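Residue strings, one per chain:
Protein chains: 2
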Amino acid sequence: MSQTRFRIALVAPGTPLERETADALQALVAARWPDGAVEAFVHPQCFLSHGHFAGDDSARTAAFLEAANDPAFDAVWFARGGYGACRLAEAVLQGLGPAAATKAYLGYSDAGTLLAALYSRGFSKVAHGPMAQDLRREGGEAAANRALSWLVEGDRAALEPSVAAGTKAAAFNITILSQLIGTPWEPDLSGHVLMLEEVSEYMYRIDRSLCHITSTPAMRKVAGLRLGRCSDIPENDRPFVLNEEEVAREWCARSGIPWLGRADIGHDADNRVVPFGAG
Amino acid sequence: MSQTRFRIALVAPGTPLERETADALQALVAARWPDGAVEAFVHPQCFLSHGHFAGDDSARTAAFLEAANDPAFDAVWFARGGYGACRLAEAVLQGLGPAAATKAYLGYSDAGTLLAALYSRGFSKVAHGPMAQDLRREGGEAAANRALSWLVEGDRAALEPSVAAGTKAAAFNITILSQLIGTPWEPDLSGHVLMLEEVSEYMYRIDRSLCHITSTPAMRKVAGLRLGRCSDIPENDRPFVLNEEEVAREWCARSGIPWLGRADIGHDADNRVVPFGAG
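Chains as they are written, first to last, in our numbering: chain A, 1 to 279; chain B, 1 to 279.
So here's chain A without its partners, still in its complex pose:
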């Protein structure tokens, strides 16, 4: 049980974690809590390899459910994104036990599909924020420490600056949110400030996904939109002319969704934590 130690389980629903990244994370945790008050358990599934994925769907689902359903863990931290979480959503939702609902979940990018699924089932400690893999970025220790500060201490300094107590929020990768729409794990974001970020997508794809998202009656019920960073946008053969903020502002104007400005989230070491629901 977790009376004495705060135990975090790391799982990888998408692509595998390198052992050296796991080692670096555990060294960081040991240095920050030399008394052993916090333990980062890296589920062995994180190191599996099955084609594109960190183990086959059964292995990834089983690892996630072991971590989520074991009352000995206080938090489930997504180790890495990539691609693969959506393949687990249906089985994960069928396998959640009573201990799963009370612990914290943190990740972003591909992992957003499972964050959405958990939030759609009323889980109250689900957040968009850094993952263990971010340790590999320049400045990545700050990202990992920010995630740990939120997971272990609920430190509000880790939060995206606009997050306010009593105001509902949620954050997603743009493509991932687009492909949640209409599924049984699409979360109800009515009245939420929606923060969106993207990486490595052409401007026309960012535009198309924002068209999709803001055209749906469900998403038109959000309280407003904030745009995080859209990084590594490839050059198209046909210049798009508009940039990501111009496009986001346009879709807000067209859809009647209030444009609230930028958000301090993205695929980078500065990515801040956005708890889902009332922050």
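Calculated from the structure, these hints are not laboratory results.
Values in this document were obtained by computation on a predicted structure and should not be read as measured data.
We treat Cβ as the ideally placed atom computed from N, Cα and C, and that holds for glycine.
Certain hints may be false.
Rough simulated footprint, nothing fancy, chain B against chain A, three-plus residues with beta-carbon under 8 Å [to be verified]:
id: 1; region: 81-92
id: 2; region: 238-248
Label pairs and their in silico Cβ distance ranges [stated by the list, open to error]:
id: 3; chain 1: B; residue 1: Ser58; chain 2: A; residue 2: Ala27; range: 52 to 62 Å
id: 4; chain 1: A; residue 1: Ala31; chain 2: B; residue 2: Pro184; range: 46 to 56 Å
id: 5; chain 1: B; residue 1: Thr102; chain 2: A; residue 2: Ala165; range: 50 to 60 Å
id: 6; chain 1: A; residue 1: Ala37; chain 2: B; residue 2: Gly191; range: 27 to 37 Å
id: 7; chain 1: B; residue 1: Ala223; chain 2: A; residue 2: Asp155; range: 52 to 62 Å
id: 8; chain 1: B; residue 1: Glu18; chain 2: A; residue 2: Arg156; range: 50 to 60 Å
id: 9; chain 1: A; residue 1: Glu153; chain 2: B; residue 2: Pro258; range: 25 to 35 Å
id: 10; chain 1: A; residue 1: Pro217; chain 2: B; residue 2: Ala165; range: 13 to 23 Å
id: 11; chain 1: A; residue 1: Trp259; chain 2: B; residue 2: Thr4; range: 45 to 55 Å
id: 12; chain 1: A; residue 1: Trp259; chain 2: B; residue 2: Arg249; range: 42 to 52 Å
With the hints as your guide, set chain B onto chain A.
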């Protein structure tokens, strides 16, 4: 009026058509119908350029509605795909007049968004099939002639071979259909044989979009799925292992959607015509 001539209007809701392609199309029509029984009117909007698009959203919307609402045209033929149709969907649906509902509409790829929108409003002569731009492909004359045979003569030899009278069908680009889900222009495909094709998408994206589509309760009501060609799949840094048919079969098995085999559609000159609804 169209008592004597069959008049086809070409519009470009996405990217511009080159003049030489338009000239080649008109030469082909003139050679096939030397008596002038068929006219291909290339709307000047097709040649506009506004950033990524064939004219701004207003110009593209206006051209589409002029073609759709003018009773002098018997058919609206999408000149080219690219990207841009989704930007017009809301305004197009608001601007459709009484003459629009009775004519034929043909295109694919990006144009699928407007085909879906029209079909969602009960239009009965909407079809997935070759566009004028296909003339630029090797063997493209056959594709253009196939389109014309369906538009002008309703030639059943142009149809995808599995299309049968009395059996409902529809066809889409995988990414385009994924991003229709949840919008007010998502068509009701209950009981339809759904044919899907893709081009230039990584396998993990094909998988993710098929996961999305087959996970939605609405799409689980289709009569079955046929997979068209998925061409020019880029190599990923992490091999996906599964190919497009294995992935489609897997999502069918998981979702309970009957797998019906392959479809003779795709981003190529062999692309056959799939009328929406009962063929």
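Hint by hint, here is what the structure shows:
Note: the region 81-92 of chain A has 6 residues with beta-carbon separation from chain B under 8 Å; the three-residue rule is met and the coverage holds. Three residues within the 8 Å Cβ limit are the bar, and the region 238-248 of chain A against chain B gives 5, so the coverage statement holds. As the Cβ distance of Ser58(B) to Ala27(A) is approximately 58 Å, the hint placing it in 52 to 62 Å holds. Distance hint check: the CB atoms of Ala31(A) and Pro184(B) are about 54 Å apart, consistent with the given range 46 to 56 Å.
A hinted range of 50 to 60 Å for the beta carbons of Thr102(B) and Ala165(A) is consistent with their spacing of about 58 Å. A beta carbon spacing of about 59 Å between Ala37(A) and Gly191(B) contradicts the range 27 to 37 Å that was offered as a hint. For the pair Ala223(B) and Asp155(A), the beta carbons lie near 53 Å from each other, so the given range of 52 to 62 Å is met. Between Glu18(B) and Arg156(A) the C-beta distance comes to about 57 Å, which sits within the given range of 50 to 60 Å.
At about 52 Å, the CB distance of Glu153(A) to Pro258(B) disagrees with the hint of 25 to 35 Å. The beta-carbon spacing between Pro217(A) and Ala165(B), approximately 36 Å, falls outside the hinted interval of 13 to 23 Å. Separation of Trp259(A) from Thr4(B) is about 53 Å and conforms to the stated range, judged on CB atoms against 45 to 55 Å. At about 43 Å, the CB distance of Trp259(A) to Arg249(B) agrees with the hint of 42 to 52 Å.
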